[in-house]
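Chemist: First to last, the sequence lines map onto chains A and B.
Residues in the first sequence are numbered from 0 upward in steps of one, following numbering that gives the first Met the number 0.
Residues in the second sequence are numbered from 0 upward in steps of one, following numbering that gives the first Met the number 0.
Warning: the hint list may mix true and false statements.
[Unchecked claim] Selected chain A positions facing chain B (Cβ under 10 angstroms, derived; list incomplete): (1) 15; (2) 33; (3) 76; (4) 80; (5) 115; (6) 138; (7) 168.
Don't read these hints as lab results, they were simulated from the structure.
Just so we're clear, the structure is a prediction, and the values are computed from it rather than from any experiment.
Even glycine gets a Cβ: it sits at the ideal position worked out from N, Cα and C.
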Amino acid sequence: MGADPDEELVRRISAGDQAAVQAMVARKLPRVLSLATRMLGDAAEAEDVVQETFVRIWRHAAGWRQGQARFDTWIHRVTLNLCYDRLRRRREWTTDELPEVADSAPLPDALPGDEGRRVQQALQRIAPRQREAIVLVYYQEMSNIEAAGAMQVSVDALESLLARGRRALQALLIGDNGDD
Amino acid sequence: MAENRKTADTPMDARRFAALADAYGSALYRWPRAEQAAATLFAQSKEGRAILDRAGRLDAILDRHHVEAPSRMLHGEIIARATTQIRQGRHRRLWWLGIGLAGAGLAGAVAGLALVTVVTPDAPSDQYVMDANATSFGDAGPDADTEDL
């Protein structure tokens with residue numbers, strides 16, 4: 000693993016550098032908001048998660064030391080944990096397990112200009128771990144190793160989640176299971 | 000790591016190419032770095048192009064989903080809380096550092112006391128020291144064998 004591109008910024012934040020705080024928000028806020036929005040499918044809840052994520056960033060900046068994960072990967076893990084807390088609360092799960100089975104009924108065709116909302120609905124209907132894998136690799140553009148690190152799974156497990164997630168999305172959005 | 004199981008020198012077969020397209024989609028830059036060179040070569044084949052076309056259909060739909068840029072209000076709230084939170088984080092860290100140092104000091108004192116207890120011979124009891132018959136050479140009291148005389 001090479002040098003962490005965020006390390007210097009984190010060091011300056013811990014020293015109380017206001018310009019570094021501004022730079023960190025400019026660099027990470029859109030990424031964290033995209034992640035939370037796609038995981039939760041709810042803009043207001045996503046904004047709450049983003050606020051909580053940044054509180055953790057500021058609190059832990061002084062103690063941050065690069066270990067096995069980059070700072071960006073750590074931020075993704077924090078955001079994902081907060082998203083899962085919300086998903087569990089929202090659905091009132093009685094156990095820690097979130098469902099692995101997606102709702103595979105195809106979504107109705109989108110009206111012109113409404114395709115984005117249809118994709119958001121489809122993302123919410125697939126299993127959360129599959130959604131997480133797709134959001135990290137496809138939308139957040141993480142490498143497979145970074146995404147596997149953030150999800151705390153092997154690269155093989157990540158590929159399996161991605162493939163199953165994409166098949167489920169294909170069934171929902173295109174109406175076939177991708178086996179053609 | 001799985002990323003290293005194939006390299007640019009290893010030719011890619013259709014099965015692996017399709018598995019990667021199933022997982023990562025049609026854009027090769029998202030594929031594992033170690034397999035991109037071999038995948039680029041395979042992508043030029045008729046079979047490769049067909050696999051990428053299939054994966055690209057879903058990608059085209061996924062690309063229609065956009066998240067709105069963060070609002071000024073959200074940006075401002077995050078910045079406003081930063082100074083307080085950073086200061087609290089530093090204080091919390093110093094507090095734990097203080098606890099750690101105090102704990103280390105206490106542990107050192109206990110270890111030192113234990114060492115002194117083990118190494119130092121038993122000191123004579125107060126009664127012995129205060130005994131009038133005791134000298135620096137030991138007990139100068141009457142010898143036991145003369146005591147009865």
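Chemist: If a hint holds in the structure, say so; if it does not, say that too.
Modeler: Comparing the hints with the structure gives:
1. 15: holds, 6 angstroms
2. 33: holds, 4 angstroms
3. 76: Result: violated, 18 angstroms to nearest chain B Cβ.
4. 80: violated, 18 angstroms
5. 115: holds, 5 angstroms
6. 138: holds, 8 angstroms
7. 168: holds, 6 angstroms
The structure fails to meet hints 3 and 4 from the earlier list, while all remaining hints are met.
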